[in-house]
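If you're matching them up, the sequences are chains A and B in order. Start counting the first sequence at 1; every next residue gets the next number (our numbering). Start counting the second sequence at 306; every next residue gets the next number (our numbering).
In case anyone wonders, no lab produced these hints; they're calculated from the structure. Note that the structure is a prediction, hence the values are computed from the model and not measured. Each hint can be trusted.
Short derived list, chain B residues pointing at chain A, Cβ under 8 Å:
| no. | residue |
| --- | --- |
| 1 | Arg314 |
| 2 | Leu788 |
| 3 | Lys812 |
| 4 | Asn813 |
| 5 | Asn1149 |
Don't be surprised by glycine CBs; every beta carbon is placed ideally from N, CA and C.
These are the residues of each chain, in order.
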Amino acid sequence: MAKVFTTDDGKEIKVKKRHHSKNEKIAEYAFLAPSLIGLMIFFILPFFVIIYYSGIDNIVNAEFVGLDNFTALLHNSAFLDAAKNTATFSAIAVPLAVVISLIMAVILEKEIPMRSQFRTFFLSPMMVPVASVVLIWQVLFDHHGVINEVVNFFGGTATDWLESDYSQLVIVILFLWKNLGYNMILFMSALNAIPKDVLEVATLDSASVLQQFRYIKLRYLSSTILFVAIMSLINSFKVFREVYLLTGDYPYDKLYMLQHFMNNTFQSLNYQKLSAAAIIMALVMCVVIGALFYVENWYGRDVEG
Amino acid sequence: MRRKELLKRTGVAMMAVCMAFSMTGCKKGGNKNGNNTALVSMDEIKDVTFKETDVELTGYVGEISSAKEIDGKLYFITVEYPEADVNTYGPGVGKIEEVKREPLATAATEAETETSSEEGETEAQSEETSEDTTEAEISEETSAEGSTELTGEDYGEMSDEDISAQEEEPIQSYVMDYKLYTANLDGTDVKELTYPTDEPTDNIVGIDKTADGDLIFLAGDYSSEFTKYKFIIADENGNKKNEIDINSTVDMGDDSYVSNFFVDDKGNIVLSSDEKMFILGKDYKKKGELKAENGYFSCCGITKDNKVVAGVEESAGNEATTKAFVKVVDTDAGKFTDSYPIDTTYFQGSDSIIKGTADYDFYYKTDKGIFGYIIAEKKTVKVLDFIASDVANTNIYGLAPLSDGSFIYMTYGDDAKSHMKHLIKADPNEVANKEVITFGSMYSDFTIKNAAIEFNKKSDKYKVIVKDYSDEEDPETKFNADLAAGNIPDVIGMDSYSSTPDKYLAKNLLEDLSPYMEKDPDINESDFLPNYIKATKKNDKLYYLATSFNISTIAARKSELGDKTGWDVKEFTDMAKEKEKSGERAFTYDTRSSRLNMLFAQSSGDYVNWETGETKFDTDDFKSILEYAKGGEDDESFNWENVEEMPQAIQNKHLFLSEMNLDFEQVELYNKIFNGDMTFIGYPTADKNGTYITIQNSYGIYSKSDKKDGAWEFIKSLMTKEGQYKISRDYGNSIPTRLDVFDMKVKAVTATEEYKDEFGNDVYPFESGYGWGENFSVDLKPLTDEEVKMTKDIINNTTKISTYNSQIFTIISEEAEAFFKGDKTVDEVAKIINNRVSNYVNENR
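Throw the hints in and build the complete structure from the sequences for me.
Next comes the structure, spelled out in structure tokens:
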């Protein structure tokens, strides 16, 4: 079937869709096959195995129990606490990571002094190994750490930060410290890709800096914001690594995340609980990311056609 | 153009195919039947089965203490024991000498000297059966000039009359006789050679031949503070030609001893301890010195091509595990050249590497079997499996390969005599087809392996193969992975630590054994101790069986506790505080962790409701435990050295109770320590019933096994009277679970005269002794009727299994530190503990 395009001077141009020959199709699939096979073996098939595990009572009896595992899980206070903590952490940390890194990118886009050094400074936490990060945080936030020394100096009372209601705040700071640099670089790259002529036209039309940012830059950045948000969401789950090293298998209530739950259920051979939790988490992620895509599609439709 | 396009596409397609193959085809190693591979089929078993035959070796006197094959001849040393107990080692005619006992002060000094000279003592005597000390070389032996029954100046319970009587009693000093022999490898032509030394302090560590054909012996003198080594060169008849002192050349270090010694084909002499290896030239001068970096030398040997190789065990990054390597030594340059990882975590003894034959550069021995290594391919092949071949591997020494692929070795039999054996590869067609039953556990000791061998010998239908997960870097993770993959052993061995029965029961992994016992004509529930059955049954079903158990409880003075048989935390802490006023404590090592551990060890069930998930660690009851525990001394600053020993502390009324792991011997021991004023009170718990059964090893059948009948037959073999009797001899004084074996044990510990039991074994009157430092000792004799009654009473009344939960205790001890240091209040800590444990409990509900 041909598509018809009309040029500015009224001419009609037919563009035929190229049909691939059978050989070409075979060649295409052959080239895709290794990656597809890998994807199947390491991602898709295991996911179906997880679905199977979530529907049986245990891996020994393997009797189908329907949604009983999910029901039990949704009544399990440990799972609910973990889900709540994970959701709270992500809800706080991800928007902050996006907004702060965007602001930093906008600032560093300007020709400010020591711009390059600042960029390096913000990127350097990415290079620090996890064990070193944990060590630094322990030195800072331990009961006899630097922060408490400062607090005591100013007459306050020392707090065990990681075993108090401020524990999530500590982890949010750790998350931001580690991830802002990477997000900032992504935004800087996206800002550079915005067509300069559009901004010039806006300047000529007396648009303020804020108006340019809101009506032009943000729209062009919408896909990058989506990407950064998704990456930050994924990284927010990965913060389990640092939390685990700081606090172990069973941390203080506020730090008990979904990954703790899943890690521990794996250790105790409770595969059905683990699988059910993984599926619920995957479904929630699908909804969240789907919503993000929808918003991005709606907001960025002008620039993406 | 079209051809170019075609070539381009073909090239890219080939690259994609290569990538696909590399992704799916790559694998680790390439070792066939590595150490960790469990045999699962009869074909695999037949492949590694050897038949064992006896080799008649006669014409020698005494028992063979060590043996080695040199140039196609067998050289062995025998030792002749006099009839009485032997305390001295060295050459000479066996005789008994009576020596007047020295006065106490002098005896104390002699014993100090003796103690330092005994530090190098190894267990390579024919009476010893430890698998760690089997040696191919002439075994290390130490000399002790004579042992003194030391009691020091303070005899504790002994009266002046007893002291005088002991001083009058002469010391009996014994001297053993060593002889050197040679024989053909088929056991014929046994000839006695001249033993190369007359010095009583010379202990032959190893024997080999020099490049000139002389015999060379390495002799160690352990009588002084530092071991002295020398070479003794002798002719082919053992007549000494020369002695060479090598102490200035070879410095093994203060606490190390030569464990390997041989001469390579170039005439270089190789000696090694666990830390260092020395290479000496033909002129006995040092050519090289190597150190085992990141590990230690376990064994050394020579390859088929006459390269010297060293077996090294290095840390695998995880402190709990090691990884074994074989490193090739360049004897001229004195350094390692190549290194080959071996598929095992450790070698089995200093004689583990032996020269290769046929296809293999060298063989190495582990507790699983004999493996051949092909250096060019870096490949390990399992040649012989010990269990498949029905060979008990704990007693093997002098192992040597023959040119036809068979092996000879020396062993000690159940008759405590040495035997020579020949292992010949079995024709697979002649090996009986049996149903393979897999036994798996986190750690399989020699007792269960020997039981498997005994079972295999007797069973025509089943063959038990042992899968020992302790070989894995992370045994628990590997077992979990096997569980997920469905590779679960037919018989599961469990312990009281990480692989507990409760853990497997929660996953429905265990079969109910009650129906098997009901229909079995040989075993019934009524054969077992009622309390044990009651304690181990769940919902009226029996999921596992054990051969023995212990009782965990607390002993205290009956005069202070009266008829009380239990107490709760408040009663305990009230009494402890009252006692502290008079200077009497509750713990030998009165630290915070000791207090916390004892108070909480068995009472976790009081604070956790697994049904509802409720936890009560924020209650006043638990807070009182923390507050009491804080009263102990800080663990880090506690002086562990100068602590009054438990028996003296009890006798001097500085200690009013003691935890104990009860068995027959312990009951008598503690009763004497308490001067007959002893009762068992148990751990403080809410229900005042704090005495528990602890089971170290138990066995169950995998619920989905398709070989349950065979699995039951194997478990049954452990639980018959004879099976449990044999195992109980290995597990010391643990309490047997069978009534009849229990009665045999009671008879044995109460016998006052020697007799033969119904299995034909000699039973001697029970005699044992314990000493603490130099000032206190307790001699144990056959138990009295009262002591037996005391033991039986507590056993019969104990029907609870230990509920110690290590995860909960870890959380408590982590958080309690902050309270002990004063960083947090008891309320804060209790709240955090409750919070953390609550997550754990709800997660596992």
